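Chains as they are written, first to last, in numbering that gives the first Met the number 0: chain A, 0 to 160; chain B, 0 to 160.
These are calculated hints, taken from the structure and not from any lab test.
Every value quoted in this text rests on a predicted model; they were computed, and no experiment measured them.
Positions of the beta carbon are idealized from the N, C-alpha and C atoms, including for glycine.
Wrong hints could be hidden among the right ones.
Claimed, not checked - Under the rule of at most 20 angstroms between Cα atoms (straight-line distance), these lysine to aspartate or glutamate pairs were calculated in the EDC-like manner:
hint, chain 1, residue 1, chain 2, residue 2
1, A, 84, A, 57
2, B, 84, B, 21
3, A, 84, B, 133
4, A, 84, A, 136
5, B, 84, A, 63
6, A, 84, A, 66
7, B, 84, B, 66
8, B, 84, B, 7
9, A, 84, A, 133
10, B, 84, B, 63
11, A, 84, B, 105
12, B, 84, A, 133
13, A, 84, A, 63
14, A, 84, A, 61
15, B, 84, B, 57
16, B, 84, B, 61
17, B, 84, A, 136
18, A, 84, B, 136
Said to hold, decoys possible - Quick look at which bits of chain B chain A covers, simulated, 3 or more residues with Cβ under 8 angstroms:
hint, segment
19, 50-56
20, 105-112
21, 149-160
Number of protein chains: 2
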Amino acid sequence: MRRTRFSEWPCSIARTVDLTGDWWTPLVMRQAFYGARRFEQFQHQLGLSRNVLTQRLDALVEADMLDRVPYQDRPTRYEYVPTEKGRDFFTVLAAMIRWGDRWLADPEGPPIELHDRRTGDRVQPAVVDAATGEPLDIRNIRATPGPSLPDHLAAHLRALD
Amino acid sequence: MRRTRFSEWPCSIARTVDLTGDWWTPLVMRQAFYGARRFEQFQHQLGLSRNVLTQRLDALVEADMLDRVPYQDRPTRYEYVPTEKGRDFFTVLAAMIRWGDRWLADPEGPPIELHDRRTGDRVQPAVVDAATGEPLDIRNIRATPGPSLPDHLAAHLRALD
Chain A
0 MRRTRFSEWP
10 CSIARTVDLT
20 GDWWTPLVMR
30 QAFYGARRFE
40 QFQHQLGLSR
50 NVLTQRLDAL
60 VEADMLDRVP
70 YQDRPTRYEY
80 VPTEKGRDFF
90 TVLAAMIRWG
100 DRWLADPEGP
110 PIELHDRRTG
120 DRVQPAVVDA
130 ATGEPLDIRN
140 IRATPGPSLP
150 DHLAAHLRAL
160 D
Chain B
0 MRRTRFSEWP
10 CSIARTVDLT
20 GDWWTPLVMR
30 QAFYGARRFE
40 QFQHQLGLSR
50 NVLTQRLDAL
60 VEADMLDRVP
70 YQDRPTRYEY
80 VPTEKGRDFF
90 TVLAAMIRWG
100 DRWLADPEGP
110 PIELHDRRTG
120 DRVQPAVVDA
130 ATGEPLDIRN
140 IRATPGPSLP
150 DHLAAHLRAL
160 D
């Protein structure tokens, strides 16, 4: 199966894409980041079927991106709360927001703005080199084989350099 | 059609996902960032069919992510070179690399390392607030309606706050 194959590729991009390559999955996480917790909130706001939403929420719980937390007895009902791994995934969506706002947004401006809850200041995501704080520019970056890259793929990478 | 619908949503994440929601598309861009230029390089290194690769390259040229540049006459042959928009998309893959390296990598370490071509130093991507340089933490961030968000979606967003 295709999904399994990508999840086993020695590539953090392929593994992330495998998790989010379904169109709904990143949008379910987006909605959780914007504050959705209950099934009905996700469903109403995303307008997807109960069936598809159930599958996506289950997959995100299985992947340890969301915790399923009971908030009511008889019948038991659950809220879906981002885990630490899930919260950290916001950085991937933030990179999409930055790029999408720049290259795909409508002329009148972005659909969503991010603000710091503590200061109220506008937050503009940037993808930088942690050491220097400089925005990443692929023209200045070389990819080299890491510890878990199989030899034949390392050979491909070196051939491109 | 699903793809069309997402591309028209007022959400930079949905629009980016629409472009990359196909599993192969971000991996074709990855290969271009790592130095692949010619059809055979992409095909050999990704191991996908000529048919699928042709579709993905055409879609990326159509989306102004790659330029198709002739490098040979009779028969004319082309190289695929990232445009400015395409190069900027590396930031989205860099955010995936960071997150995937942290949460999905094998215990022996990441499959790929990034280095600065000028200094040779290791590059570690970080997703920060451009104004403060602080790493983004969704717990400190509130999403508010921007200029291009339709009213009914703005109401959803406010209801979550």
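Going down the list of hints, with the structure as the test:
no., hint, in the structure
1, A:84 <-> A:57, "holds (16 angstroms)"
2, B:84 <-> B:21, "holds (18 angstroms)"
3, A:84 <-> B:133, "holds (18 angstroms)"
4, A:84 <-> A:136, "violated (26 angstroms)"
5, B:84 <-> A:63, "violated (33 angstroms)"
6, A:84 <-> A:66, "holds (10 angstroms)"
7, B:84 <-> B:66, "holds (10 angstroms)"
8, B:84 <-> B:7, "holds (19 angstroms)"
9, A:84 <-> A:133, "violated (25 angstroms)"
10, B:84 <-> B:63, "holds (7 angstroms)"
11, A:84 <-> B:105, "holds (16 angstroms)"
12, B:84 <-> A:133, "holds (18 angstroms)"
13, A:84 <-> A:63, "holds (7 angstroms)"
14, A:84 <-> A:61, "holds (12 angstroms)"
15, B:84 <-> B:57, "holds (16 angstroms)"
16, B:84 <-> B:61, "holds (12 angstroms)"
17, B:84 <-> A:136, "holds (12 angstroms)"
18, A:84 <-> B:136, "holds (12 angstroms)"
19, 50-56, "violated (count 0)"
20, 105-112, "holds (count 7)"
21, 149-160, "holds (count 5)"
Checked against the numbered hints given earlier, this structure breaks hints 4, 5, 9 and 19; the rest are met.
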